[in-house]
Each structure stands twice: as C-alpha cells, then as structure tokens.
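Peer 1: Heads up: the protein sequence lines correspond to chains V and G, in order. Residue 133 in full-length UniProt numbering sits at position 133 of the first sequence; the count goes up by one each step and never skips. Residue 196 in full-length UniProt numbering sits at position 196 of the second sequence; the count goes up by one each step and never skips.
You may find that some hints are simply not true.
Which copy is meant is left open, because identical chains are indistinguishable; a pair holds if it fits in one copy or across any two.
To be verified - Quick list of in silico lysine-lysine cross-link-like pairs, BS3-like style, CA-CA up to 27 Å:
1) K247 x K219
2) K92 x K128
3) K225 x K163
4) K92 x K121
5) K178 x K219
6) K128 x K225
7) K92 x K135
8) K220 x K156
9) K128 x K156
10) K173 x K121
11) K121 x K162
12) K166 x K219
13) K156 x K122
14) K3 x K121
15) K135 x K214
16) K3 x K156
Everything labelled a hint here was simulated from the structure, so no lab data went into it.
Protein chains: 2
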Amino acid sequence: MIKNYRMVLEYDGSRYDGWQKQGNTEQTIQGKIEHVLERMLGQAVEVHGSGRTDAGVHALAQVANFHGNTGMRPEEIREYLNQYLPEDIRIKTVEYVAERFHSRLHAQEKTYLYQIEMGKKKQVFERKYIYGLFKELDIDAMERAATFLIGEHDFKSFCANKKMKKSTVRVLKQIEFKQQGSRLLIRFTGNGFLYNMVRILTGTLIEVGLGQRKAEEMKKILNSKDRNEAGFTAPPEGLFLEQVCYKE
Amino acid sequence: MIKNYRMVLEYDGSRYDGWQKQGNTEQTIQGKIEHVLERMLGQAVEVHGSGRTDAGVHALAQVANFHGNTGMRPEEIREYLNQYLPEDIRIKTVEYVAERFHSRLHAQEKTYLYQIEMGKKKQVFERKYIYGLFKELDIDAMERAATFLIGEHDFKSFCANKKMKKSTVRVLKQIEFKQQGSRLLIRFTGNGFLYNMVRILTGTLIEVGLGQRKAEEMKKILNSKDRNEAGFTAPPEGLFLEQVCYKE
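Kindly generate the complete structure, drawing on both the sequences and the hints.
Peer 2: Rendered as structure tokens:
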C-alpha cells in the first residue's frame, strides 16, 4: 500500500545548486534524496520540499514528503537514507503522515536565520556558515527599519524573480535581532517568502545598519514595487532555513 | 633592526598536508604563512611552529615565531597576514618576544583535544571536526586505562616513527574525559608528544571503550616498546592542538 512519509532534514548547502532538481543535474538536495529513495523503492519518486533553498543556503530543519510503497518502517527508511546520502545531508526524522499532506502547500509559517560577523574576527571553523561583513552595524537603526517591513505587504521589491506572475503579497510576522558578541543573528518569520526575499531583506537592512539608508526608506521601497529600489542580495552562506510549521 | 615575533593562530587543517613545509609543496600551514611573510618582508623567512600537526589535524591555538626586519607594528603584521592568508587560517595575535624565544624549544606543555561522536547522529555542520565512530564507548573503562598512561613513560609503542633515534620518553600529565550528550571529548596534556602519539593513544583508548582490550593491557603495551602492540591510529579530523604553554 502506498503511504505518505514526512521527513525533517538538515544540510550544509555549500556544495549544492540548491534544493530543487534542475534538469539532469544531480547536484541538488532533492536530486540526492530522490536518487537514494529510487534505489530503495525500485521506482521513480518525487520528493516535495517545503520550499526551495538557493544554491549555498543551508537548512537546520527542512521538511519534505514523498509517497512510497514499501514494507520498511519510517525508522528503517531514515537509517537507509542516512547510510547512502552524502555526509552533508542528514535525515533527522521520518514519519507516516496523512495521505493528503503536502510539505509546501500546507506549510503555515517558516523561520529563516541569517548570521553576520560584524567584528574583524575572521571565522575559521564556521566560515561557510556566516557572512563575513567585518563592519559594525547600527542594530537600533536596523530594528527601526524592520518595523516598517513587519505585517502584510506586497514584497515585490524584495523579490528577485522579475517575471513573478503570482501574488507577491506575504505576511512577515517577525524580524528578530540577536547580538552574540561580534555576531548578529537575524530571524525572519512569515507565512511564506519570495525568491531571494530573505537575502534582499537582509542586504537592505545591512545598508541601514551601515548608515547608507534611513530606516524610513523601507516604506518607499515597499511602495515602489521595484527590485532596484531595495538593497543588495546578501550572500547565501549566512542563511539557514530553521523551521517550518504546519497546522496540527 | 631584526625583531622576534610570536604569533598565535588557528586553522582548519582539512585541506592541508599538515603544519610542516615539505620540499616544494605549498599545501602546508607553515608554507602558506611563510609565503605571505616573504612578500611582506621582501626576503625569505622561516616560521618556527611549536610542533608539527599532521595532515588534516586542526589547531585552535598553535604558537609560532619568526625573525623579521620591518617597521610594521605587530598589529599591522597580524592584519596583513589575515588579509592574504586563505580563509581557513587565522592569526589571532602577534607580539614582540625576546630575541632568544623559540616556539618549539621553549614549549613547556601542550594540550590536544580529540572529539568523538558516539551516537548514531551523523554530523552535518561539524563533520570535518569530529571522528564519527557512531558506537557507544565504556568511558569508565577508558578512564581506568588512562591511569596507566599518566606519568613519565617511554611512549615508543605510541610513536609512528619507527626510525626515531631521540628519546621517546615523555610526561603525560593528564587525560581528561568529558561527555557532552553523545559526544566524547578527550584532552591530553603533556610536556611533549611523539609523531602520531595522541592519535594512537586515542585509538587504543577507543579499543578499550569498545571492550576489545582491557584497561590493564596499557602496562604491557608501554613495556613492549612496540608500535604493533598499541591500537589503531584514530583519524586526524577529530584532533585539535588546543594550547601551548611557555614558562613566563
């Protein structure tokens, strides 16, 4: 009998072309997982992620599901996957879910974490997981700018996909700033994020923190609905998909 | 005027052939640093490390010194080095030291840290800094075995260099075990360590922890002065040079 399985996984995105399979390239997280599952199930399978992560972006708890016909228990599937997946992808849990469950369509809320090094300290052991800005940031100004971004807005100016035909309206529920020594952690929680949205939000907030923009400009940027009005796209290595929430 | 400079540095040893320069290969930590210093000073320079670290072994605080004729202040030298060194090597401090100071000859005590994952948890973000044993260890038995190794002994059985002509007597001051969840940290402190000594000590202790050897065998191994009597050489990725102490 075909069952629906949900998995939670973490990965180091450094050497991948992102989550989503693209043509015949195998260097994607989705591609790697499908490859192992296909060997296990003896037939083609599609793994649905809660969302794409860009090339170089990491995940602490991506959620994905797939349908499969196997007598293997979820725990056995988890062990099989971890045995054959590369060392930079790890399946944390596998469980049965309702037939109709879909990781992307039913996701209610996502949290992304962005890590920035503000000090002069060159990172050695965490260099692939943090954006080395090496400049001080005015976090108060960034927090003020963030207040203009919270809520339901058309985030078209913060979307890298210029041909986006679907709605670019999203609800940004929270932007949380946390300083740990010379490191700044920014957490974005919302009901969904557009292509590159977290990285463009981060880049724009960094420009505010550097004094290159005023906090109040956020209103103008949102209203313009023009990507060119927003700031730079912060690099992928600082970004982690941290949590995906579903209605129970 | 020629001055003597002491630096403290950290590095991720994953992609290097160890600390020590070998012939014309540049893929060593020493080689990388000398290359940048030579450009800075306009002449050849030799950097003396407190000791060699093997290929793949990391350092949290390696100590090294060099003599140079420059008007640059220590802080400027540090910044210059960090600007041109690869991102997996970072100079933490540079300071003037007495003309006669030598990083290796004057080192009094060293501490090495070895990290082992005992659980089934595949490491993703720290996979290059921990030995994935994925088996439970009897830490009590390992602590008992360690008591036989503490003190002044001829550690020839724990030395990979079979042609070692100098004394293989060393003082092992402490072996400390610390469990953090499914991770075991072992710290070795002594007045000096032979080639591969920490990794062979670790491998032998792991064999005790797995029940393949008895704690009391350590006496016999030490007495044999035969490398073949000791355990396997634990892999380099779990090992860090953590501290080097000098008499004030």
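Peer 1: Next step is simple, just say for each hint if it's right about the structure.
Peer 2: How the hints compare with the structure:
| no. | hint | result |
| --- | --- | --- |
| 1 | K247 x K219 | neither (32 Å within a copy, 61 Å between copies) |
| 2 | K92 x K128 | both (21 Å within a copy, 19 Å between copies) |
| 3 | K225 x K163 | within (13 Å within a copy, 73 Å between copies) |
| 4 | K92 x K121 | between (32 Å within a copy, 8 Å between copies) |
| 5 | K178 x K219 | within (24 Å within a copy, 53 Å between copies) |
| 6 | K128 x K225 | neither (32 Å within a copy, 44 Å between copies) |
| 7 | K92 x K135 | between (36 Å within a copy, 18 Å between copies) |
| 8 | K220 x K156 | within (12 Å within a copy, 73 Å between copies) |
| 9 | K128 x K156 | neither (29 Å within a copy, 40 Å between copies) |
| 10 | K173 x K121 | neither (32 Å within a copy, 33 Å between copies) |
| 11 | K121 x K162 | neither (37 Å within a copy, 41 Å between copies) |
| 12 | K166 x K219 | within (22 Å within a copy, 73 Å between copies) |
| 13 | K156 x K122 | neither (35 Å within a copy, 39 Å between copies) |
| 14 | K3 x K121 | between (50 Å within a copy, 26 Å between copies) |
| 15 | K135 x K214 | within (18 Å within a copy, 55 Å between copies) |
| 16 | K3 x K156 | neither (38 Å within a copy, 59 Å between copies) |
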